[in-house]
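*Asks:* As a plain string of letters, each chain reads:
2 protein chains.
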Amino acid sequence: MLKENTFRTLAEEAISRCRRLATFSEDAGGTRRTFLSPPMRDCHREVSSWMKSLGMNVSLDAAGNLRGLYAGASPGSSRILIGSHLDTVPNAGAFDGILGVVLAVALVKSLDDAKLPFAIEVIGFSEEEGVRFGIPFIGSRALVGRVDEELLGRKDANGISVRKAIENFGLNPNDILKAKLSDDVLGFLEFHIEQGPVLDKLGRPLGIVEAIVGQNRLEFRFSGQANHAGTTPMNLRRDALAAAAEWIVAVEALALRTPGIVATVGFAEAKPGATNVIAGEARAMLDIRHASDHARTEALDELIRQAESIGARRGVTAKWRALLSQNAVAMDPFLTEQIEHAAHKAGCEPHRMASGAGHDAMILAEKVPAAMVFLRTPEGISHDPAESVHLDDVAKALECGHHLLTQLTASQEFLGRTCRA
Amino acid sequence: MLKENTFRTLAEEAISRCRRLATFSEDAGGTRRTFLSPPMRDCHREVSSWMKSLGMNVSLDAAGNLRGLYAGASPGSSRILIGSHLDTVPNAGAFDGILGVVLAVALVKSLDDAKLPFAIEVIGFSEEEGVRFGIPFIGSRALVGRVDEELLGRKDANGISVRKAIENFGLNPNDILKAKLSDDVLGFLEFHIEQGPVLDKLGRPLGIVEAIVGQNRLEFRFSGQANHAGTTPMNLRRDALAAAAEWIVAVEALALRTPGIVATVGFAEAKPGATNVIAGEARAMLDIRHASDHARTEALDELIRQAESIGARRGVTAKWRALLSQNAVAMDPFLTEQIEHAAHKAGCEPHRMASGAGHDAMILAEKVPAAMVFLRTPEGISHDPAESVHLDDVAKALECGHHLLTQLTASQEFLGRTCRA
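Protein chains in written order, with the numbering used here: chain A, 1 to 421; chain B, 1001 to 1421.
Chain A with its partners taken away, still in its complex shape (with noise of 0.2 Å):
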């Protein structure tokens, strides 16, 4: 067994590698390294160099994934693959992802050259944040096959389709099949920030996803009538802004009183738009999110009904049209004891959560058993250069990373799983 402050040291190099990786960037004054960028080849070559380092065999698949094999005891081994993604948002933190790649190497190196009886495959995903196509998730969807013809033609704001950027990065995308998952995967692990307040607020340095949220996105168009701001009497009025402003109130009163929910207008627009005129139409959009799917729809559906009501009382008509529809995906139940046990032995007691975030486990959960494990991020602040973590904290995960690997070691049940990739 490591002695504790091996894993503090272990942690310091982590953080210190994480803001190493956020000098690679497309812009001189931030961190944004978006999918095969030019600055993602230096950011491979140093995490290469440091799986190659700890014995690991080192490839680039064809979607741009970074993977590194540390073989397990036997030659036959099933393998635990542990990541996160390795691209960035524009003016990025230095932890969003990255910290989940840096610490899977760094687990690797805390086993001291052991052999485990499973071999554990570091992954460091091309692309999650979906800055430059538009669509997230590239590198993940490539382990579960799902990266088609119509993703690999899809196009960046220069006219650059994925397929042609993956040639240019020297990668051939007609080898895309091939990042398929092997049939030998036993689980995946995801070491993440939290991106939010939660743990922050609650004084515990890790969280242990349950699940990842399901979710809503839809567009909401309240119809009234446009007119003049002083010569139209209050009664007589059919004003679209003030119909959407009863419903953004609503729609936060719902959230509050609704445990788990979290419903967002995070954007609203009246037309015509200027100060003397009663707007005519109202536009809002909803984002609601649950990590139940029947809380969701049946809060979504109130929401809907309200936005009706509202606009009948007030003589606005309200519609409504959806734009994304997503599933919650369940983290592993095993997995997940197995964490939360790992963390007690690291003299930490997780808190278990819903991630409100989508995340790389939540593709990998489609064919592969997936767990998460959060850390705190101060303030909650990310996607900013303000992310933060707290040394303690990742020493923290670490070490009861490196106690999950400890117990899977010895579970037969662990070992016996076959994958359903």
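No lab work stands behind these hints: they were computed from the structure. Glycine is no exception: its CB is placed at the ideal position from the N, C-alpha and C atoms. Be aware that one or more of the hints could be misleading.
Within a straight-line C-alpha distance of at most 25 Å, the following computed PhoX-like cross-link-like pairs (lysine-lysine) qualify [unchecked claim]:
id: 1; chain 1: B; residue 1: Lys1345; chain 2: B; residue 2: Lys1109
id: 2; chain 1: B; residue 1: Lys1319; chain 2: A; residue 2: Lys271
id: 3; chain 1: B; residue 1: Lys1052; chain 2: B; residue 2: Lys1115
id: 4; chain 1: A; residue 1: Lys319; chain 2: A; residue 2: Lys178
id: 5; chain 1: A; residue 1: Lys271; chain 2: B; residue 2: Lys1271
id: 6; chain 1: B; residue 1: Lys1155; chain 2: B; residue 2: Lys1180
id: 7; chain 1: B; residue 1: Lys1178; chain 2: B; residue 2: Lys1052
id: 8; chain 1: A; residue 1: Lys319; chain 2: B; residue 2: Lys1271
id: 9; chain 1: B; residue 1: Lys1367; chain 2: B; residue 2: Lys1180
Which stretches of chain A does chain B cover? Using the computed rule of at least three CB atoms under 8 Å from a CB of chain B, they are [what the hints assert, rightly or not]:
id: 10; segment: 267-273
id: 11; segment: 291-305
Starting from the structure of chain A, add chain B where the hints point.
*Replies:* Just chain B now, with coordinates in the frame of chain A:
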């Protein structure tokens, strides 16, 4: 006394003349006639010919106002001004402003060459809508001596100044002071469509304006904390758009319960404005009007307090800045009473009301007793090609105006007035 069907015939001609003037436009597809634009020359030529046929002395002042003097019984007669504006908004209807000029000419025609103890100066203001230079009332400002160097220097979208526009039309901007009201003006009378739904809902042809409402315009800015819509629990949010929405509902509620107030939020915007991001900032523009300055100021103070308290409860700061503050302008009580009397004689019960919109009469009222007659606007539709008037209402307005002139002819109170100009 003229027969009732004379007014009907004059009203038919007036409507047909309004429709004719609507064909003089800067745009091929609709009516748009801004300050001293080329079609204004055609408009002047047309209106001048009507005036000249009635023996009126026609001139164009240096602010581009068309003025036709119908002489009084004696050479030194004082004068009454009757008119409105000849400019339009883009995609305009045929009656806003124009009808007031056309009716003034029709009133002179209704005199059938009879001379009154006062002269009548019919005026077609060059600019009321504020379209070309973003500032309204250029025509009527010239009459009260409020066209200064700053206004003359103001430029349109093509970089042409008011001064240059006047020169380009063949007028001399240095003569602008000569456009000022002479000191023999007894009062100003303006016929105008209501541009609102009040008379239409009440089923009354005519309204008498008691006051033009005072008005404030303010920008409110709510600042909270932008955050992830999925990972930020409802109770940890500082949602600027939800705060703005709650306040927009409060604005409407206060206006609904406060007699005579109209309060409108016609513009709202959330930043960053993404579906999956809680708004960190929201802007909303308030327009609030009332015929009583005290009632308006009191309501505005209450709305500012509400913005602050709604914000404070949510951890959102609310700040505001004033964009416009304008007191109410009372119409002349004597003229208003005389109009009411004249309307009764014409067989209709006019509705006493406030004007929610600004008009040239508001500017003229700074210097001379001013009064306004509103004509019912079907469905309240204005600033739109669908803008219309009822023939019967126009006939009633003419009959009312004719009776008014007859009354004033016999009024020592009116004839004994001296001008404040």
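*Asks:* Under the constraints set out in the numbered hints, which ones does this structure not fulfil?
*Replies:* 4, 11
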